[in-house]
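Top to bottom, those sequences are chains A and B. At position 514 of the first sequence (counting the first as 1) the number is 514 in the UniProt record's numbering, and the numbers step up by one without a gap. At position 208 of the second sequence (counting the first as 1) the number is 208 in the UniProt record's numbering, and the numbers step up by one without a gap.
Calculated from the structure, these hints are not laboratory results. Hints are not guaranteed to be accurate.
Residues from chain B that face chain A, not an exhaustive set, calculated with beta carbons under 8 Å [what the hints assert, rightly or not]:
hint	residue
1	Ala3
2	Asp5
3	Ile146
4	Leu355
5	Gly358
6	Pro386
7	Gly390
8	Asp406
Heads up, the beta-carbon is just placed ideally off N, CA and C, and yes, glycines get one too.
There are 2 protein chains.
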Amino acid sequence: MTATDLTLRPFYWRATNLFPEKEIVSRDSDGTTRYDYREFGERTETLAGALSALGVELGDRVGTLGWNTHRHYEAYFAIPLMGAQLHTINPVLPDNHVEFIVNDAGDDILLVDPGEPFETVERLWDRLAGVREVIVMDDELPETDIECVSVYDELVANADSFEWPTLSEDQPAGMCYTSGTTGKPKGVEYNQKMIYSHAMMVATPSAIGIGESDVVMHVVPMYHVNSWELPFSTTMAGAKQVYPGPSPSAETLARLIEEEGVTLTAGVPTVWINLLDYLDNNNADISSLERIVVGGSAAPRGVMRRFKEEYDVVIEHAWGMTETMSIGSVSRSKSHMQDWDRDERFEKRTKQGLLSPGMEMKIVDEGGNELPWDGESVGELYVRGPTVIGGYYNRPQANEASFDGDWLQTGDIATVDEDGYLELVDRSKDIIKSGGEWISSIELENKLMEHDEILEAAVIAVPHDRWRERPVACVERKQQSTLQEDAVLEFLEKAYPKWWLPDKVIFIEGVPKTATGKFDKKQLRDEYENTDLPQTPGKDDETGDND
Amino acid sequence: MTATDLTLRPFYWRATNLFPEKEIVSRDSDGTTRYDYREFGERTETLAGALSALGVELGDRVGTLGWNTHRHYEAYFAIPLMGAQLHTINPVLPDNHVEFIVNDAGDDILLVDPGEPFETVERLWDRLAGVREVIVMDDELPETDIECVSVYDELVANADSFEWPTLSEDQPAGMCYTSGTTGKPKGVEYNQKMIYSHAMMVATPSAIGIGESDVVMHVVPMYHVNSWELPFSTTMAGAKQVYPGPSPSAETLARLIEEEGVTLTAGVPTVWINLLDYLDNNNADISSLERIVVGGSAAPRGVMRRFKEEYDVVIEHAWGMTETMSIGSVSRSKSHMQDWDRDERFEKRTKQGLLSPGMEMKIVDEGGNELPWDGESVGELYVRGPTVIGGYYNRPQANEASFDGDWLQTGDIATVDEDGYLELVDRSKDIIKSGGEWISSIELENKLMEHDEILEAAVIAVPHDRWRERPVACVERKQQSTLQEDAVLEFLEKAYPKWWLPDKVIFIEGVPKTATGKFDKKQLRDEYENTDLPQTPGKDDETGDND
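With the sequences and hints as input, model every part of the structure.
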């Protein structure tokens with residue numbers, strides 16, 4: 001019926017032809033690069049020419065280990081537009097993960113940022129047998145023993161321009177690996193159609209809403225579900241883009257917002273907590289900023305309130321996974337809620353929100369039965385839709401555990417309220433199963449982090465003879481605080497039933513984090529699972545109706 | 001890579017599950033129906049049950065001849081969601097067109113509004129051999145000799161609910177016929193994926209931009225490229241919808257805007273010119289209205305200005321065709337144009353604007369060579385993209401004339417300026433080819449309609465021995481005007497070179513219109529092509545460089 005497939009080509013066409021003078025700003029160790037979509041297009045076409053000259057063909061996988069820069073952005077389009085597959089790899093993963101991922105994907109060319117990412121590749125070089133060429137995303141060659149290394153900027157300056165072929169929408173275009181807190185990382189593939197559909201969906205006001213007048217700063221790492229896929233929608237819209245480079249500090253982010261007039265950005269809560277701290281102690285004008293999309297974990301309420309009240313910036317919670325191409329729900333008030341009082345509206349917005357268009361969801365109990373949307377019933381979230389994967393790369397066993405027909409079993413434990421707002425209660429592996437009831441570790445953590453003297457807190461399940469599992473809180477106090485266990489428990493007791501209270505509060509120096517910045521509860525569990533627990537009340541001791 | 005195809009089911013799911021209480025308002029001859037997405041869902045599911053009981057199966061075509069009402073809207077979802085094909089037919093076409101269209105499509109069930117549309121079917125009944133059942137979209141049976149007639153509301157009240165099957169995205173879901181001002185109407189088919197992709201695109205701020213807080217009044221007839229496909233995006237967004245029923249007067253529209261808080265609507269210019277007239281003479285509060293998307297032909301500048309200045313309503317020009325599922329470009333200022341002065345911005349917005357995301361375009365000369373984007377070079381517009389058809393239904397000859405590979409040759413003559421704004425100069429069949437140069441009939445018409453004493457004007461090409469064709473203006477004066485030919489020409493002479501001036505001005509009573517409300521120039525040409533023309537200057541008499 002239509003002669004044309006859903007591919008990235010028209011997004012690229014639109015940005016380079018309709019908005020050739022719109023700016024792209026990129027920061028790296030050398031300073032700031034500033035160019036427009038016209039030049040972006042020229043460089044992208046010669047990058048593809050260079051990759052083609054290096055033998056990259058339809059269906060080949062090209063890996064990247066890089067930060068958020070304009071070169072990495074060029075690769076985001078050059079690789080899929082030539083019919084190859086963009087495989088973004090997290091350069092801060094442990095070496096054995098990087099090794100596994102590159103070899104599992106069979107990448108034959110790697111685009112690598114100088115510094116740490118290149119050093120990682122050097123260390124692993126003998127074990128990356130399939131890699132034919134390493135392209136350093138820089139303007140000069142680093143000193144190295146690896147022979148087949150070339151310099152990105154030289155390739156781009158000297159190659160012939162490449163003419164985009166007509167591709168099938170089924171052509172694999174992207175690949176990411178899940179962070180793999182349990183077991184080996186699992187590969188996830190996106191074809192042209194999925195990236196097209198997700199970008200279009202993200203751009204609608206029903207999801208994030210991105211228009212030409214936005215200035216989007218990409219803070220989510222480009223190796224983390226392709227910066228939540230935002231570079232694709234942003235290009236489609238022809239919006240100005242800001243790439244803040246490797247490990248941007250809060251100061252860098254504040255400066256970029258002020259100087260470039262950033263209107264929209266996104267990232268995990270920690271980044272924005274640090275920005276708030278920076279703004280408390282420094283002068284910066286962030287008045288252009290309208291919205292921050294926050295995912296990964298929930299932003300503390302105090303942070304949401306302060307951004308709104310002091311800076312008129314709305315924090316929008318979002319939910320998503322590598323398996324859903326990131327963004328799968330966004331929290332925003334419905335129009336009729338404008339009449340609600342502020343606190344009620346705010347409560348709603350702290351949830352993970354409304355499912356994005358194109359998707360469907362349900363929550364189910366352990367027997368697979370669908371649960372009501374009452375804001376109380378807790379079950380595993382199942383989702384399906386054209387932006388949800390249908391299976392992992394070469395992992396039949398994982399597929400069996402994670403899919404029920406066309407439904408993805410997300411492993412996220414959630415409620416849905418009467419208004420259709422999704423709220424994550426926990427990851428299924430983090431929920432604490434105590435005396436036949438579930439205790440949300442995330443809810444306890446968020447409550448703990450509302451305490452004035454607590455900086456961060458992670459709550460883990462510790463095995464328990466009688467109750468199966470009991471919560472233990474690992475708490476990092478703020479400097480100078482002398483907070484003690486009984487005060488912590490007293491604080492929680494105001495909000496939760498006794499059987500929810502942690503059996504122990506352990507004061508630690510910094511919550512360990514995964515490579516993507518999430519709390520690494522696996523490490524905490526390994527360390528504290530043999531903690532001696534006092535005899536404590538379980539659900540039945542309070543209600544008398546169990547056991 | 002994904003297990004789920006692009007189909008309408010998630011749009012339906014989203015509206016009925018996430019926005020069950022959002023209103024749908026529908027006006028028909030009996031008054032106003034008001035319900036919500038929950039009830040819409042229930043009725044849609046039993047309508048599908050009723051159609052299934054009548055034998056409608058996967059791939060069957062169901063025709064509709066109806067106005068803009070909630071029943072027609074229910075059919076918009078019930079038919080495609082069950083895997084059948086929604087074939088919307090223009091009930092005000094001449095009988096022989098309706099007959100041809102129903103038989104060409106092979107519709108076996110018709111949903112028909114009472115009154116005129118039903119009378120048309122009655123008149124044609126003996127010649128619609130394939131139609132098994134006529135469902136009258138009403139709550140009671142009209143008196144009729146046709147035996148196989150049933151009543152919509154009874155079917156919906158009594159049928160079992162239908163469970164939506166899992167469909168392929170390639171499943172045909174929609175069908176429309178082009179209005180066919182030349183030759184037989186041509187069928188155009190849309191599959192599930194095309195409707196999904198177009199709806200998503202329309203919802204982005206890069207095209208129209210529709211969000212949950214919008215209140216959308218569907219004025220474009222539902223038989224006219226499915227009301228420009230807007231019911232699909234609106235449902236996806238969960239926005240409130242208003243269906244104004246058969247032939248809504250300006251008064252009805254004004255009242256609905258005021259009472260329902262309409263924010264967004266769309267339609268051909270005449271509708272909004274009439275609304276402006278009504279508002280001049282009556283009190284109505286249209287302050288909720290933010291935008292009117294105008295297509296079909298260009299809105300006169302005076303009308304655009306008055307809406308903006310007097311009512312703070314922005315008229316957004318759009319371009320599209322049945323072959324592009326309507327909306328293919330929308331005109332809006334780019335963000336950097338905010339610094340331009342008002343008139344410059346306004347000039348930009350009078351064009352047809354920026355191509356919508358997902359599409360690509362070029363303009364080519366008669367030799368098929370691509371022309372520059374300089375705002376001067378005039379050529380035929382070619383477009384391609386996943387929302388553009390790849391061929392007509394069963395019309396190989398038309399396909400040969402209208403496609404160049406995956407490019408649709410639109411038959412629209414256009415320029416594109418340095419900023420990428422598309423401007424339609426004419427339909428290729430309406431452009432006046434005079435002395436080797438082209439004269440835009442549309443441009444002359446628009447200019448004429450800026451004259452205070454001119455109500456409507458159509459400019460046609462009349463054959464000419466020496467110059468091949470020359471323009472003739474058919475002008476309808478406003479009441480009481482005694483405007484004469486020389487004054488008309490004098491008015492045009494201020495803006496155009498002498499050789500552009502019509503060779504004759506004919507004063508007529510009302511410009512004839514096609515069934516879709518466009519000027520019927522074919523009828524005017526038939527009537528006036530033998531008009532005696534005086535000896536007039538051609539291009540070369542003025543410039544001396546031709547012939």
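| Structure-inconsistent hints, enumerated in ascending order | 3
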